[in-house]
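Engineer: Taken in order, these protein sequences are the chains called A and B. Counting from 1, one number per residue, gives the positions in the first sequence under our numbering. Counting from 1, one number per residue, gives the positions in the second sequence under our numbering.
Just so you know, these hints were derived from the structure itself, not from any lab. Be aware that one or more of the hints could be misleading.
Distance condition first, Cα-Cα at most 20 Å in a straight line; then the derived EDC-like pairs of lysine to aspartate or glutamate [as the list claims (entries may be wrong)]:
#, chain 1, residue 1, chain 2, residue 2
1, A, 87, B, 100
2, B, 118, A, 96
3, B, 80, A, 44
4, B, 80, A, 49
5, A, 99, B, 100
6, B, 80, B, 57
7, B, 80, A, 101
8, A, 48, B, 212
Only part of the chain A face toward chain B is listed, based on derived beta-carbon distances under 8 Å [to be verified]:
#, residue
9, 9
10, 38
11, 88
12, 95
13, 96
Pair by pair, the computed Cβ-Cβ distance ranges are [to be verified]:
#, chain 1, residue 1, chain 2, residue 2, range
14, A, 106, B, 195, 39 to 47 Å
15, A, 87, B, 125, 12 to 20 Å
16, A, 31, B, 212, 21 to 29 Å
17, B, 303, A, 12, 54 to 62 Å
18, B, 224, A, 14, 21 to 29 Å
19, A, 88, B, 115, 25 to 33 Å
20, B, 288, A, 45, 43 to 51 Å
21, B, 126, A, 45, 27 to 35 Å
22, A, 88, B, 250, 33 to 41 Å
23, B, 256, A, 14, 49 to 57 Å
Source: prediction; values computed, not measured. All C-beta atoms in this analysis are idealised placements derived from N, C-alpha and C, irrespective of residue type, glycine included.
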Amino acid sequence: MAEGIKEVSDATFDAEVIQSETPVLVDFWAPWCGPCKAIAPVLEAISKEFEGRLKIVKCNVDDNPSTPSSYGIRAIPTLIFFKGGEKVEQIVGMVDKSKLEQSIKNNL
Amino acid sequence: MNGTDYDLVIIGAGPAGMAAALYAGRARLSVLVLEKAAPGGQILVTDWIENYPGFSEGISGPDLMEQMLAQVKRFDVEIKSGEVVSMDISGPVKQLVLLDATITARAVIIATGTSFRKLGVPGENRYLGRGVSTCATCDAPFFKDSIVVAVGGGDTALQESIYLTRFVKKVYLVHRRDQLRAVKILQERAALNDKLEIVWDSTVTEIKGGSEGVEAVTVKNLKTGEAADIPAEGCFVWVGSLPNAGFAAGHMEMDGQGFIITDDRMRTNIPGVYAAGDVRNTPLRQVVTAVADGAVAASDVMHYLDNM
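Take these sequences, add in the hints, and give me the full structure.
Structural biologist: Below is the structure:
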């Protein structure tokens, strides 16, 4: 799917997200989810727009069950914004590009 | 283009907008399609479409959308991410104000579709994404072997509840009447499905939960007035749709529910402004009617532009 967006796993989540010095937006997705596919280009664009200031990664919930369940995720797409290892915002479902940009700006 | 940015701007990239773009693109109009989220609209969350002619085994919503998008892209149609926040459409030059730009066009087709209506009960917003859902194809796997409640009685409610039964232990489908509105074939499939039980004459009055998400759904029988909690980890809500036409309110005629009123050529009461698909006051909201609306609208846009 998204070329420029790195995949994280249950094993790498701590190092890539929790320990990250840059704020991180995690896209929880799965191959069977239509809206997840549909928002991929939006995340791609956002990732370029905020390069250097925000890290965007994706986590496949099929292959990595324990991370999503530890955040109580029962819907995808879910985007979680992490700052200093803490969850600061959670966005569920399809999201407009403009609303996502606004929420990133508010959180950065 | 007579001083405007585009001949035609289509707002919304679902089936209606895609069909309009296809017809307008082949007519060599300069066309922009604006989409605020992602191309596809409601069909992105539809697991299987078996009433759209041409696919003998049916097709998944996302696959159908991918095909429509690829088809439109063959004809020089520009598709852009953007949301209309306000507009001035009364004159011959239509001005659309987006968050970051203003664009002009000679004609506009509004194909913004609908959103799922909410129940409006306590707990619904609080547990959204933590048990409350409107997308079975997205979220069903999170409820493997669980008990869930679904709400509604139309095609979407039945189709998606049946899909849920592939994953969950039991679906209680709560419906406010003593009969379903859904098409007969879905009713027949529901009746044969052991995992699906319909709770008649009832509404959901509250969604209860804890730190882990939804734990129970309160269901009230409208005939007896009795309420009881169904222990459930999920609550899927399919109780109809609301038009995505707030930005157009006050600019054109709408019905009491906010659906845009058109004539049989998809014209609104504003010259050069059209509505197509689920957002208009149509008797049937399906992919097949949406694409037909889009084609009719685009072809009338050509007449309109020729006679300007």
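Engineer: Work down the list of hints and note, for each, if the structure agrees.
Structural biologist: Right, here's what the structure says about each hint:
1. A:87 with B:100: 29 Å, violated
2. B:118 with A:96: OK: residue 118 of chain B and residue 96 of chain A at ~19 Å, within 20 Å.
3. B:80 with A:44: 14 Å, holds
4. B:80 with A:49: At roughly 16 Å apart (the allowed maximum being 20 Å), residue 49 of chain A and residue 80 of chain B satisfy the hint.
5. A:99 with B:100: 13 Å, holds
6. B:80 with B:57: Roughly 32 Å between the alpha carbons, so the hint for residue 80 of chain B and residue 57 of chain B is violated.
7. B:80 with A:101: The hint holds at about 16 Å.
8. A:48 with B:212: 35 Å, violated
9. 9: 18 Å, violated
10. 38: Residue 38 of chain A check passes; min Cβ-Cβ to chain B is 3 Å, inside 8 Å.
11. 88: 16 Å, violated
12. 95: Status holds, d = 7 Å.
13. 96: This interface hint holds because 5 Å falls under the 8 Å limit.
14. A:106 with B:195: 39 to 47 Å: 43 Å, holds
15. A:87 with B:125: 12 to 20 Å: Cβ of residue 87 of chain A to Cβ of residue 125 of chain B: about 18 Å, so the range 12 to 20 Å holds.
16. A:31 with B:212: 21 to 29 Å: 26 Å, holds
17. B:303 with A:12: 54 to 62 Å: Given a distance of about 59 Å, which is inside 54 to 62 Å, the answer is holds.
18. B:224 with A:14: 21 to 29 Å: The hinted range 21 to 29 Å is violated for residue 224 of chain B and residue 14 of chain A, with Cβ atoms some 53 Å apart.
19. A:88 with B:115: 25 to 33 Å: Since residue 88 of chain A and residue 115 of chain B have Cβ atoms about 26 Å apart, the given range 25 to 33 Å holds.
20. B:288 with A:45: 43 to 51 Å: Violated, since residue 288 of chain B and residue 45 of chain A (Cβ atoms, about 32 Å apart) do not stay within the stated range.
21. B:126 with A:45: 27 to 35 Å: For residue 126 of chain B and residue 45 of chain A the Cβ distance comes to about 31 Å; the hint holds.
22. A:88 with B:250: 33 to 41 Å: 37 Å, holds
23. B:256 with A:14: 49 to 57 Å: 54 Å, holds
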